Amino acid sequence: MLKNYLLIAWRIALQRKLFTVINLLCISLTLLVLLVVTALLENTFSPTGVEGKSPRMLQIVTMVSLNEEKGNFRHGPLGYKVITDYIKPLPSAELVAAVSMPESTAVYQQGRITDLLLRRADAAYWQILDFEVLAGRVPNAEDVAAGRFVLVLNQSTATQLFGEQSAVGQLLNVGGQQFTVIGVVADVLQLNSFADMWAPVSTYPSSDYQHQLWGNFSALILARSAADFPALRQELATAIDGFQFDDPVKWQEVNIWADSKLEFFARMLLQNQKQPDSGAASLLLLISLLMLLFMLLPALNLVNLNTGRMLERSTEIGVRKAFGASRQQLIWQFLIENLLLCSIGGLLGLVMAAGTLELIEQSGVIPYLQVEINLMVFMLGMVISMVFGLLSGIIPAWRIAKLDPVHALKGARR
Amino acid sequence: MIKLSAISKNYQTDKVQTRALDNINLQVRAGEFVSIMGPSGCGKSTLLNIIGLLDRPASGQIEINGQLLGKYSDSQVAKLRNQTFGFIFQSFHLINELRVIDNVELPLLYRKMPAAERRAKAKAALEKVGLTARMEHFPNQLSGGQQQRVAIARAMVGEPQILLADEPTGNLDSQMGAEVMSQLLALNQAGTTIVMVTHNEQEAKHSNRIVRVFDGQLVQ
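Chains as they are written, first to last, in this note's numbering: chain W, 747 to 1160; chain R, -1 to 218.
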């Protein structure tokens, strides 16, 4: 039975080329967009590579200071002092790292000036994140404590600055300071690791940063397990209860939220800066609804196309009914046909998505992007194809299977 | 075998209601060859479709093999069609996307039967109509007479008790028509009950009984 269904589906697909092409394009282009988006989202949020420990990692990227009576509001990155005084002492944290946001910095080299993104970090940063070291080493606690002018470059920057030569051991003038390159790491594009080069936090030209509540830092908190997150958040809330402002007249209250990556993005997008709930659940629901809507529109289009295509075959339906096909069997037949078409469309969409991601990577539109269709995205793609097949097949199949055999045999279109 | 009691059927077209069948009472015994004759539009095909459960009457009762068909579900009616009836249509109604052998196998697809057995039965049916050499062809590669023989093989492959033929020679020339009729007679002699709609008096003479329909009513 199944073989017969597949056989006829294949022959009909070949005979009705225009319909097949429109159908396949409709499915594969929709899937292409969905797969590219999911691959990019997966690259952003899934715990792989350099941020492989992200399931037990929280980040604090910004803080909010308020004085509602005076209408004062300030929202921005943390000062280093906030991290050392309030976050590093949290008892449930295994490690807390302080790292600056990527800052555009001029690099002087043989009469050439290049603008590159520099982060300055403490030693814990290198312990929390799993950079792939390609040459040399990354800074350790001694380098940071001693304020050594050592520098780590990513692979693209090393090649850009030194070509075929080994970058390790080379001297480099960064923002007027002389650094020695001690390591090269693989290119990465992740929230907390994205940069061209890294130096110890202690290499700032001035030590003022140590005393600032407002600055350019974010904190990474590594918990022993994700189960410690509630305790960590509670400890953080307790710690900032006694927050000491430089100007207590101007500021009365501070909000600092330790978020997972998804929560961080949700908080930024939904502007939930004043409340503990980041809105991640709402964001996920919104994304799911948008994806469903995005799939629903082509599915509705396919319902129409499929109804027309199936009605053209009303005589076949009449014959099958006359020879004993039940309504249920006919619905299955048309669903299988549709699922076959959608699976082919799905595979096409996957190939096109892989090609598109490759093109995005090669074009450099998103620097250091390394994304590919992995098994999870592939499976998701196939599930999406099947949902497509069901959505666009079940209504026309049900309508067509309802036809009386005698009307179907006469080719009635009702 | 078949008993129709007080069968009526109306067709609604726009605002006009047409009485296609009016109080039909008909009985067909096992092994009979009955021809239904009458002018175009008199309700012959409607009667045949109601006998074959392809259409539902507006009122009246149908009894098949002593079983009164009341409120049968879709799947029960489908099973009955599959196991009791074989259909031959004037315009063959073969599925052009399927090979001859796959077309003949069609009724067996809706029975729980292994693929090898289905294939063997379909081959045997094609052998009976002399078309084994054409089983890998597609219907549109065959002549009209050959297509109708494929349709006969398809109708017979499930060994139904009753064969319903709606003008089976209507689209064929006289020589091909004669071939098809001889196949039907052979099947009837082998014990199959046949009900055939025809305009052709010569063909009707081969049957045991002729039933005439006029304006939706039996006239003898």
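Read the hints as simulated data drawn from the structure, not as lab findings. Because the structure is a prediction, the values reported are computed rather than measured. Keep in mind that a hint or two might mislead.
[As the list claims (entries may be wrong)] Dumping the calculated DMTMM-like pairs for lysine to aspartate or glutamate here, alpha-carbon to alpha-carbon at most 20 Å:
(1) Lys799/W to Asp861/W
(2) Lys77/R to Glu157/R
(3) Lys1148/W to Glu134/R
(4) Lys1156/W to Glu115/R
(5) Lys77/R to Asp53/R
(6) Lys1156/W to Glu157/R
(7) Lys749/W to Asp72/R
(8) Lys110/R to Asp72/R
(9) Lys763/W to Glu134/R
(10) Lys834/W to Glu878/W
(11) Lys827/W to Glu814/W
(12) Lys121/R to Glu165/R
(13) Lys749/W to Glu165/R
(14) Lys69/R to Glu888/W
(15) Lys1156/W to Glu30/R
(16) Lys1/R to Asp12/R
(17) Lys1156/W to Glu134/R
(18) Lys13/R to Glu30/R
(19) Lys834/W to Glu1058/W
(20) Lys749/W to Asp20/R
(21) Lys1156/W to Glu1009/W
(22) Lys77/R to Glu888/W
(23) Lys1148/W to Glu165/R
Output the indices of the hints that this structure fails to meet, ascending. Result: hints 1, 3, 4, 6, 7, 9, 10, 11, 12, 13, 14, 15, 16, 17, 18, 19, 20, 21, 22 and 23 break, sorted rising.
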